[in-house]
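Residues per chain, in single letters:
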Amino acid sequence: MGLALMVVIWLITLVSTYFFVAKTWWLPVGAAEAAGFIDGQFALTFVLMGIVFLAAQLGLGYIVWKYRERASAPPADYSHGNTTLELVWTALTAFLFIGLNLMGSSVWASQRFDPPAADSVKVEVTGMQFAWYFRYPGPDGKYGATSVKLMDPSAGGEAAVGLNTSDPAAKDDVVTGTMYLPVNREVDLSLRAVDVIHSFFVPSLRFKQDAVPGLNIHMHLKPTVIGEYEIACAELCGLGHYKMHGVVHVVSQEDFDKWLAAREAEKQ
Amino acid sequence: MVAMENPHAHAPQGFIRKYIFSVDHKVIGIQYFFLALTAVFVGMFLSLLMRIHLLWPSVNLPIFGVIQPETYLTLLTMHGTIMVFFVLTTAPQGGFGNYFLPIQIGAPDMAFPVLNMLSFWTTFVAFVVIIAAFFVQGGAPLHGWTGYPPLSAVQSAGPGEGLGADLWITSIAIFCVASLMGALNFITTTLDLRAKGMTMMRMPLTVWSWFITAILGLLAFGVLLSAGILLLMDRNLGTSFYVPLVVVSGQVMGHKGGSPLLWQHLFWFFGHPEVYIAILPGMGVASQVLSTFSRKPIFGYRAMVYAMLSIGFFGFMVWGHHMFMSGMSPYSAFAFSLLTMCIGVPSAIKTFNWLGTMWKGRIRFQTPMLYAIGFVSLFVSGGLSGPFLAQPVLDIQLHDTYFVVGHFHLIMGVAAIFGMFAATYYWFPKMFGRMMNETWGRIHFFLTLAGTYAIFMPMHYLGMAGGTRRYSDYREVKYLATLIPLHQFMTYAAIITIAAQFIFVINLFWSMFKGPKASDNPWEATTLEWTTTTPPPHDNFGGVTPVVHNGPYEYGVPGAAKDYVMQTDPATVSTH
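Keeping their order, the protein sequence lines are chains Z and H.
At position 85 of the first sequence (counting the first as 1) the number is 85 in the numbering used here, and the numbers step up by one without a gap.
At position 327 of the second sequence (counting the first as 1) the number is 327 in the numbering used here, and the numbers step up by one without a gap.
Isolated chain H (complex conformation) (with noise of 0.2 Å):
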């Protein structure tokens, strides 16, 4: 090959291209990292409201004054949303995924580093413009994150089906183009840019978690991203792909046979594989983690993958367990019921193997273990829901329920952001060069751990009870009027746990500038990240190629130097 210039050999000088549009993998991912912080409270600030509405339904609150039934509508919209796409996808891939993948595979950089950048502002472009949702007239949708036509098709359904629907609609489909963007980039990177000795089986259980997301990513939002190009024309061109014959408010429409049920289906082939590339990168944050403040390896290393691959594969069959009480044919119930119960049996192997990594390990409590051992409680208390509403007879009383919502928001809402929290606080060190404060970070999380609880658990027996989802006052129906003393705890909950963030928020910001240097391997951890200089160079390796020799969590090897051994050392043959 001829030889060229090495384009990551140096770092662009000036502002602009070095902080703002910037290729360099490691500052986009801090970008979609800050992204996230801003949408996560944003998202956050939402549901307070929302919480607040739900005990005090006439308050009148400075700025927003009294919050309306279809306001509560709106803030249950635009949290779910904003949380769904502009933070649990963006965050644990866009962010961890880019600035570590390539460093922990032996990279220069992306493959598509232009690509790469185009990325994430398409991802930028696309939350300024839901969050435009809100200024317009009307204000934004009230059809909830499903976005169920025909309420989401007709514009005279509802206020904030006008502009705002559409302005919704747009932000998802930029969404989907920058994520299929970020796949393709992600998909080649590891694929191509492993460095020698990389093999697939020594990459640590994160890569394989961004890889198997990224895959995940390219087949479902292709999906999602045709699904509403046929909402818009739906709702602006006259099609009729997912609105029948309807009389709204006594008007009739000017829709004829369309399939309200196409749109779920459609929706939902995107809209399960995303609860999974909402968990994988936490799934694969938590081993990590845990194999490094055990001091072990990760327990059935190969079973790990395995599991990560038939999640994946399972999690694009399974799409209508959404749909049981849809009108969906019944027969198709069971084969989606026990294709979901197969997808049980994966998540039940990795907590038996996170369980196992810890046996007999010799644990260290630092903040990222703690995140990542709540990770596993929380991935426990939320998957044993699933089992109950993948019958589908038990989802004839639980589905549409709090049930429901206390099960998503522990496993892929609370779960995963524990993946965050303990990326963040791992390596943190590595990206900013500086040490966060332990006693705060372990305060925010016994406060955060209890707080989510009290939230989410609640939900299971309001949901059991048959309190329904996405009302915005319980007073209407008697039965649901007795079930507010839990409606109580759970709203002083969130707002304890919702002010125990700033903790958070404070210890970052402030450890950014003021907290101790961090050296290049605070946390004694194998993966190549660890061997670069911190934070690491334009380059990452600084002129020098990584060449590994070893799997990825080698702790506690008999007879080596030190209780581990890095990726890197030549000195000790690998069982891997």
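Pulled out of the complex, with its shape left as it was, chain Z reads as follows (with noise of 0.2 Å):
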């Protein structure tokens, strides 16, 4: 018994690191600036926890196959345990997992802390049942003003978002049902939510921030690879919460150009 159960938790534990060291299934590439820092962390977490866990697994099984019962065995060791043990795997454990933590603190800080770059392309993401709108200030760089009352989520564009087009900063607001970013420019995003908590995942991106009903998230990213990236809401949002995708084309600045130009020619 103790030779087949070492034998099933190595299995398990081999089969399951196998398909993670072989990346099977991995991270999809990244497509933004911060990728580089995520993924360097993930891959460190990754090689420390696997680590760990292999010792730990093989270590269950042989354990259990080398002191089973049987009539050569030794009697078994009358221990307590080891103070000094103790307390030397507290602080290797202690020490692994505050400094991996600690390492991770300043891209978190960089996102989110930092004002967004002078030149940084302002574009408003807002969540309802089951859509993603964006909207692009135009050429005056303000948005317009919005309202509640004037929400129509059945009309889809302005009118989705509530825009209020008696407002001068309106005037040259594109809402549009599709992302363009320009390509390695800094992204100052606002988040909203009309309905319920949405959640605007881009998985390329490594973007992720949730969308809430009352309030007006601000984010920045970069990305830094022309494509066209997958959008899909990770925020449980009511019946279509699998159908709330959408897509995000970066493109080159003189392509970013072109896209929003025509968008403004279409609202005049």
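Worth flagging that the hints you see were computed from the coordinates, not collected in a lab.
Since this is a predicted model, take the numbers as computed values, not measurements.
C-beta: ideal position from N, C-alpha, C; glycine also.
Don't take every hint at face value.
[As the list claims (entries may be wrong)] Facing chain Z, a subset of chain H residues (Cβ under 8 Å, in silico): (1) V246; (2) V247; (3) Y301; (4) V345; (5) L355; (6) L370; (7) Y461; (8) L462; (9) E476; (10) L480.
Make one complex out of these two single chains by using the hints.
Here you go:
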């Protein structure tokens, strides 16, 4: 029985580890500035936890086989523990866990506490059951006023986010159902939700943030690779949660300007 | 003190007083156990329907028909709620704790037997109420077991958010009241009713785990109860605790100024300690069983007690790690993250000590021991994904993906259930007077161990690849569609693992009537429940009050007559 248990535990451990190490499934290729650090921190955590995982599981398997009861085995060791050992592994674990934590703090801070760059692109993301809308403030750089009373989700576009078209700042606001971002420029995002909580998750851009009714949450990110990246809502928001997706088009500055100009032209 | 008639001396006569409205902690423990067994089969069946829907979204099932996307969300909501409250909180504490805590400390019953009966029957009412949610107009709610408002607070936010959601909250509120009564009883019993010589540092680690769990329950369920009442008020009385000005389906709702994050703070202030409420009794059972079947004292008894106490203490300071992406102040993420990493330390100490307990032992592989070893393996696997999720920067990628689902299922779901299996196989002889079948126990163990790893390990791969949770269909989003083969594998693994659980149920009921008679101490264990008859008499020790002389895990004592020394044995001077 000891042998069978060892074999099963070892097999489970090695098969699980294989798929991690072979990266059969892994983080999608990163396309934003934060990806470098996040992926590095993930890999480091992965290696450290992987070592502990292998040591503990293989050790567990070995111990149950080695110390199985049999006629030739010596009597069990009468011991109530070892204080020095306890202190050593407490200190080691504390060092490992707390160290990992401190390493990750700077990137977290840079995306949240530092103000966005002066030349950043402003985009407002609004979530509602079950669609995302994106608003660009236009040449004046100012978002026009919105009002809950004007919101009409079934109409889509400006009406869905409740844009107050009588506000001068709203005249040049562009509201779209697809998101375009210029590559290598910082994006100053405002996240809002109309009805329930949604979460704006773009795996390739290493970005996730809940959009909460009543809050206007500011975050920034910088896409670094031209391409199309899928958005998936990551907070249960109702029966159509699984359908609440979209695409972020990261394009060159030139293409971005062209796209935005075309949207402005449509509006006039 | 005036001599009083011992209320525990005479067993009540009559079927109803004896088996239904009984005040005997042993009967109540068995009632909790069977309530949880019923609940776990309901919860497991819901998960089976979910897994089937994910693979074959348009299959027409007998009775249930085609499962709609909203029905899928109902299934996951009810699966989570039933499993967390009526299984993970009910069986380890209400079931085994009720039955064995008084016996293990040498008491004739709980401190408040009538309150004990009341807490069981209140839990039962809560269960009836939650099951009723399936059958009302609109069906059960779809807001997930976490019930985040505004989704859970606005009736028009989705199907099932009408009466079904009200019943869901009401059930949880009733459950909270029952748990508070239970917690008071456990704490008072542990502090006041210990037999002579049963010092705190001689209590079995199971008693410590039930005691600490009860303290957590007392502090956590009160908060959830208040939070639930506020949610009911938002839903039905027009208050705005959790709901700001929102527009749902084009209609402006009458709320303003509420904070959706307030619910999350209150919910997780309960929700995180709840994780430990589920797992601590499993830790206690694993310690008890590993020591007994390794024929060795527990490695680092005091360290184990301090580790559990610090897990309980830190458990109340880490709730914010569920909310890194919620929009709460990003500064607080530092504190929550650091404290979460700290809680990993006592958890690691416990693992080291379990390995140390088996080291140089003489391990016997009866089924309880297999489950205790499985518990350690799952605790390691489920625990090590914690330090990923505890780092806010990694949570950006992993939050609300299957990585989280895999993490909490391994550690608070399956590991806790392995603790319950270990407890069932270990204490069954004492509870029912007969032995369970070993061969079928072992087959059940290996199938369940391999099966649960096959279900939950792939969830980590899925989560790393960005696989979002709570989606009823993965074909809508292109990158999620590429991950469907993993879902297929998990569904097949789930079907096999669920089928294997019938081995357990058949073994349980067959052994109850047909198993070989159990002796008073079949595992050659040392704690007080093994000093009394099998099954124990109504007052637990047949009119004798046990006197304790030794620590709980005196195995392999050099010079002793046998390889174990009972806690009541006066012959040996203990090191404790």
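Hint check against the structure, violated hint numbers in rising order: none
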